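K.L.:
As a plain string of letters, each chain reads:
Protein chains: 2
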Amino acid sequence: MPSSPSPRGRRPDPAVDAKIRSAVMDLLLQRGLEVTMDEVAAHAGVGRASVFRRYATKRDMLLDALAQMFDIQIAIPDTGSLTGDLRQVVVDTLAAWQDDRVAALSRQILGETGRDPAVADLVRTSMRDRMARTWAVYDRAIERGELRPDSDLWLLTDLFAGLVAYRGLLSLDLPDPDEIVRSLLYGFAPAGR
Amino acid sequence: MPSSPSPRGRRPDPAVDAKIRSAVMDLLLQRGLEVTMDEVAAHAGVGRASVFRRYATKRDMLLDALAQMFDIQIAIPDTGSLTGDLRQVVVDTLAAWQDDRVAALSRQILGETGRDPAVADLVRTSMRDRMARTWAVYDRAIERGELRPDSDLWLLTDLFAGLVAYRGLLSLDLPDPDEIVRSLLYGFAPAGR
DNA sequence: AAGTATCTGATACTGAAAGTATCATATATG
DNA sequence: CATATATGATACTTTCAGTATCAGATACTT
Numbered sequence: 001m002p003s004s005p006s007p008r009g010r011r012p013d014p015a016v017d018a019k020i021r022s023a024v025m026d027l028l029l030q031r032g033l034e035v036t037m038d039e040v041a042a043h044a045g046v047g048r049a050s051v052f053r054r055y056a057t058k059r060d061m062l063l064d065a066l067a068q069m070f071d072i073q074i075a076i077p078d079t080g081s082l083t084g085d086l087r088q089v090v091v092d093t094l095a096a097w098q099d100d101r102v103a104a105l106s107r108q109i110l111g112e113t114g115r116d117p118a119v120a121d122l123v124r125t126s127m128r129d130r131m132a133r134t135w136a137v138y139d140r141a142i143e144r145g146e147l148r149p150d151s152d153l154w155l156l157t158d159l160f161a162g163l164v165a166y167r168g169l170l171s172l173d174l175p176d177p178d179e180i181v182r183s184l185l186y187g188f189a190p191a192g193r
Numbered sequence: 001m002p003s004s005p006s007p008r009g010r011r012p013d014p015a016v017d018a019k020i021r022s023a024v025m026d027l028l029l030q031r032g033l034e035v036t037m038d039e040v041a042a043h044a045g046v047g048r049a050s051v052f053r054r055y056a057t058k059r060d061m062l063l064d065a066l067a068q069m070f071d072i073q074i075a076i077p078d079t080g081s082l083t084g085d086l087r088q089v090v091v092d093t094l095a096a097w098q099d100d101r102v103a104a105l106s107r108q109i110l111g112e113t114g115r116d117p118a119v120a121d122l123v124r125t126s127m128r129d130r131m132a133r134t135w136a137v138y139d140r141a142i143e144r145g146e147l148r149p150d151s152d153l154w155l156l157t158d159l160f161a162g163l164v165a166y167r168g169l170l171s172l173d174l175p176d177p178d179e180i181v182r183s184l185l186y187g188f189a190p191a192g193r
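Sequence order for the protein chains is A and B. Going by UniProt numbering, the first residue of the first sequence is number 1, and it counts up by one from there. Going by UniProt numbering, the first residue of the second sequence is number 1, and it counts up by one from there.
Bear in mind the hints are in silico, worked out from the structure with no lab data behind them. Everything numeric in this text was worked out from a predicted model, so none of it was measured. Hints may be right or wrong, so weigh each one.
To be verified - With beta-carbon atoms standing in for the labels, derived distance ranges:
| hint | chain 1 | residue 1 | chain 2 | residue 2 | range |
| --- | --- | --- | --- | --- | --- |
| 1 | B | ALA132 | A | ILE76 | 34 to 42 Å |
| 2 | B | ARG148 | A | ALA42 | 55 to 63 Å |
| 3 | A | TRP135 | B | LYS58 | 26 to 34 Å |
| 4 | B | GLU179 | A | ILE74 | 24 to 32 Å |
| 5 | A | TRP135 | B | THR57 | 46 to 54 Å |
| 6 | A | ARG148 | B | ILE76 | 42 to 50 Å |
| 7 | A | ARG144 | B | ALA67 | 28 to 36 Å |
| 8 | A | ILE74 | B | LEU172 | 39 to 47 Å |
| 9 | B | PRO149 | A | GLU39 | 49 to 57 Å |
| 10 | A | ALA103 | B | PRO7 | 28 to 36 Å |
| 11 | B | ARG148 | A | THR79 | 39 to 47 Å |
| 12 | B | ASP176 | A | ASP78 | 28 to 36 Å |
| 13 | B | MET25 | A | ASP150 | 24 to 32 Å |
Virtual Cβ for every residue (Gly too), placed ideally from N, Cα, C.
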């Protein structure tokens with residue numbers, strides 16, 4: 001089958017695409033998910049109809065923007081020890097939540113997962129991808145004997161992600177990175193078991 | 001100052017109060033937070049105005065309903081060991097999330113937390129109260145030497161609450177209760193540290 | 001008993017915002 | 001040149017929260 005049925009009339013203007021995309025990103029960071037389509041069009045300097053020609057619904061527009069946002073690479077630490085690597089991940093994550101705008105938007109996105117399964121899908125997939133990319137850290141740790149080989153790594157990562165999400169959503173302070181790492185690796189029972 | 005300035009006209013009908021309250025609870029479980037005020041009035045068999053006379057905004061109405069929901073007592077286990085007590089808490093919590101309607105509503109409430117600070121306040125306060133009520137479990141455990149005396153108990157409880165909230169929001173399966181308890185108490189490092 | 005304030009259900013109105021429709025104009029294919 | 005689609009502008013439709021008004025009911029005050 002022919003891949004391009006040869007488009008007939010005037011082609012969509014890529015400049016308009018770009019203007020809309022960047023307006024959405026801008027407004028998302030400025031004012032969170034509660035943005036009106038008129039605002040987007042106005043901020044992009046573009047006709048309202050052109051926005052709706054690209055996205056059938058506001059939800060589609062936001063999903064596209066969120067997918068972009070999650071599509072940023074994350075650094076994989078290699079400090080030589082699991083404690084060091086984990087600490088790095090924790091510190092980086094906590095640092096991101098320090099930015100008020102990032103924190104506010106993260107809260108809203110997490111919140112949206114509770115109402116829209118498609119957002120939940122997006123977040124779930126993105127988080128899993130991201131975490132799977134740090135698997136190297138755990139592989140090395142198991143080789144070095146710093147991690148039980150039978151560890152449920154998803155549980156490990158989700159305990160941390162969950163803590164951040166939960167406290168973030170409720171605007172509770174996050175504890176010291178070392179405290180977190182220690183709890184995850186050694187638990188709350190007294191030393192020596 | 002006089003406590004009651006003596007109300008003049010017709011008094012609000014307690015029966016109407018009750019009908020509205022129960023209609024809200026009903027609809028919340030049936031259809032989640034996305035309920036219209038007309039539906040509430042209709043389902044309660046009550047005039048629309050009577051709803052707005054009691055709650056200035058829909059938000060107020062929902063906050064009142066949520067406060068009621070959180071105001072249910074939770075059993076405090078005392079099995080004789082921290083492992084047993086914790087396991088009980090975990091099992092009970094996971095059981096609640098098994099009910100699809102409870103899960104869906106919990107997701108939505110957690111989600112609302114990301115958009116409305118008042119909801120976040122309510123949830124935070126309720127969760128803290130509830131968890132503080134289980135403090136006895138940890139006091140006993142510390143006495144028995146099953147828990148480090150310097151433990152950050154909020155971190156312990158929030159690691160668990162966070163895991164449930166995070167996986168619940170994203171509709172991910174929760175692990176085996178024993179697995180959770182073991183991770184919290186002993187961590188992911190190999191035995192013997 | 002009279003007077004007045006407030007509740008009650010019913011109904012209509014206002015305003016915001018998503019989504020649809022239409023139009024004149026611009027730009028691309030054939 | 002003919003046709004098809006994009007563009008911005010503008011107006012319309014629908015849904016829903018919140019407001020306003022009304023006639024009738026109820027309870028307090030004098």
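K.L.:
It remains to establish, for every hint, whether it holds in the given structure.
P.N.:
Cross-check of the supplied hints:
1. B:ALA132 - A:ILE76: 34 to 42 Å: Holds, since ALA132 (chain B) and ILE76 (chain A) (Cβ atoms, about 39 Å apart) stay within the stated range.
2. B:ARG148 - A:ALA42: 55 to 63 Å: holds (57 Å)
3. A:TRP135 - B:LYS58: 26 to 34 Å: Check failed, 45 Å falls outside 26 to 34 Å.
4. B:GLU179 - A:ILE74: 24 to 32 Å: For GLU179 (chain B) and ILE74 (chain A) the Cβ distance comes to about 27 Å; the hint holds.
5. A:TRP135 - B:THR57: 46 to 54 Å: About 47 Å separates the Cβ atoms of TRP135 (chain A) and THR57 (chain B), which means 46 to 54 Å holds.
6. A:ARG148 - B:ILE76: 42 to 50 Å: violated (31 Å)
7. A:ARG144 - B:ALA67: 28 to 36 Å: At 50 Å between Cβs, range violated.
8. A:ILE74 - B:LEU172: 39 to 47 Å: 20 Å Cβ-Cβ, so the 39 to 47 Å window is violated.
9. B:PRO149 - A:GLU39: 49 to 57 Å: Holds: the Cβ-Cβ distance is about 54 Å, inside 49 to 57 Å.
10. A:ALA103 - B:PRO7: 28 to 36 Å: Distance hint for ALA103 (chain A), PRO7 (chain B) is violated at roughly 46 Å.
11. B:ARG148 - A:THR79: 39 to 47 Å: violated (26 Å)
12. B:ASP176 - A:ASP78: 28 to 36 Å: The hint (28 to 36 Å, Cβ to Cβ) holds, given that ASP176 (chain B) and ASP78 (chain A) are roughly 32 Å apart.
13. B:MET25 - A:ASP150: 24 to 32 Å: violated (45 Å)
Hints 3, 6, 7, 8, 10, 11, 13 from the list above are not met by this structure, while the remaining hints are.
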